[in-house]
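Peer 1: Sequence:
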Amino acid sequence: GQDPDWLKAQYFIWTSSIGYDVFYPGGTMLQELIDSWVHGTVDGEWADVCYESIKKNEMRTDWWEAVELTGHYGTIDFPSAFWGGWYDFFLVGNLEAYRGFNEESAPSVRGEASLLVDPLGHCQKGAAYFPQDLIAGRTLLGLMQAFEVYGIRPVARPNVKNVTFYVMSSNDTAGLEAANYWTSIEAFPTPRMTKYFLHGDGSASTERPTQDAAQDQLESSGYAYDPADPVPTVGGSNLDMPCGPLDQVDVDQRSDVLVFQTPAVPADEEALFLTGPLFAHLYVSSDAVDTDFMVKISDVYP
6 GQDPDWLKAQ YFIWTSSIGY DVFYPGGTML QELIDSWVHG TVDGEWADVC YESIKKNEMR
66 TDWWEAVELT GHYGTIDFPS AFWGGWYDFF LVGNLEAYRG FNEESAPSVR GEASLLVDPL
126 GHCQKGAAYF PQDLIAGRTL LGLMQAFEVY GIRPVARPNV KNVTFYVMSS NDTAGLEAAN
186 YWTSIEAFPT PRMTKYFLHG DGSASTERPT QDAAQDQLES SGYAYDPADP VPTVGGSNLD
246 MPCGPLDQVD VDQRSDVLVF QTPAVPADEE ALFLTGPLFA HLYVSSDAVD TDFMVKISDV
306 YP
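For the record, in the sequence shown the residue sitting at position 283 is 288 according to the working numbering, with numbers rising by one throughout.
I should point out that these hints are in silico values taken from the structure, not numbers from a laboratory. You may find that some hints are simply not true.
Unchecked claim - Only pairs whose alpha carbons sit at most 25 Å apart, straight line, appear in this in silico DSS-like list of lysine-lysine: (1) Lys301 <-> Lys200; (2) Lys13 <-> Lys130; (3) Lys301 <-> Lys130.
Everything numeric in this text was worked out from a predicted model, so none of it was measured.
Given only the sequences and the hints, what does the whole structure look like? Please build it.
Peer 2: In structure tokens form, the structure reads like this:
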């Protein structure tokens with residue numbers, strides 16, 4: 006459709022241009038998040054109607070097209086900017102919106118969208134883990150970005166570039182020395198994909214298993230899973246549940262969780278920075294009719 010005459014620019018804060026992949030990442034329903042978000046934003050009986058509709062459309066049906074901009078970014082012909090959060094539950098959709106607006110919009114504005122990513126987004130209860138993310142500074146970055154996209158008091162900001170984000174790390178001494186700071190660059194770093202292999206002895210390394218490896222590295226790993234005792238969600242990108250980088254020790258010690266650990270980064274080497282998309286290729290079998298697998302990366306410290 007046509008843009009309204011009054012639409013001159015848009016600034017998106019902790020939101021998404023896609024629906025299904027936010028509520029059903031990998032096809033798995035985020036039940037608590039959907040429940041709390043819908044009943045916290047939709048009035049009265051319509052909240053139950055909306056919630057049931059989302060549940061009934063757990064497959065990627067045509068119902069989701071009303072909340073998807075995929076394939077429609079070419080209609081965007083106005084300046085735009087985006088504010089996301091690494092622990093925000095809309096992060097995937099926020100980054101997809103930035104990509105679509107920046108790469109598939111009308112030629113007149115293509116490549117001009119800007120992005121700001123703070124540590125938290127909606128996860129404000131996790132602020133204590135990022136002591137160098139000062140609210141005043143973060144808000145000022147967002148205001149400057151908004152002023153620019155709306156053409157309000159346009160000023161030269163040579164130190165604030167197209168992509169500005171908080172470099173995440175732990176909040177212990179080593180983490181604060183390595184990262185936990187803001188940076189601003191012209192574009193996301195181009196990732197160099199690095200493969201890590203999971204071994205039967207519980208290790209993970211960049212070395213591909215070979216037939217000559219020790220037998221304990223070649224053995225398969227397995228576990229028994231009880232749907233009546235599911236692995237709990239501890240931290241992460243939640244809304245009403247506790248969010249942020251919470252301790253995973255209790256989860257990792259469960260018998261139905263497999264842990265594969267890399268060697269520690271030597272103290273005399275530079276800090277290890279991870280950037281870019283994460284993919285896991287699993288070779289699995291199951292005696293259940295339907296099985297979901299989840300893979301996550303945790304930082305082991307101190």
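Peer 1: Next step is simple, just say for each hint if it's right about the structure.
Peer 2: Right, here's what the structure says about each hint:
no.: 1; hint: Lys301 <-> Lys200; verdict: 15 Å, holds
no.: 2; hint: Lys13 <-> Lys130; verdict: 34 Å, violated
no.: 3; hint: Lys301 <-> Lys130; verdict: 21 Å, holds
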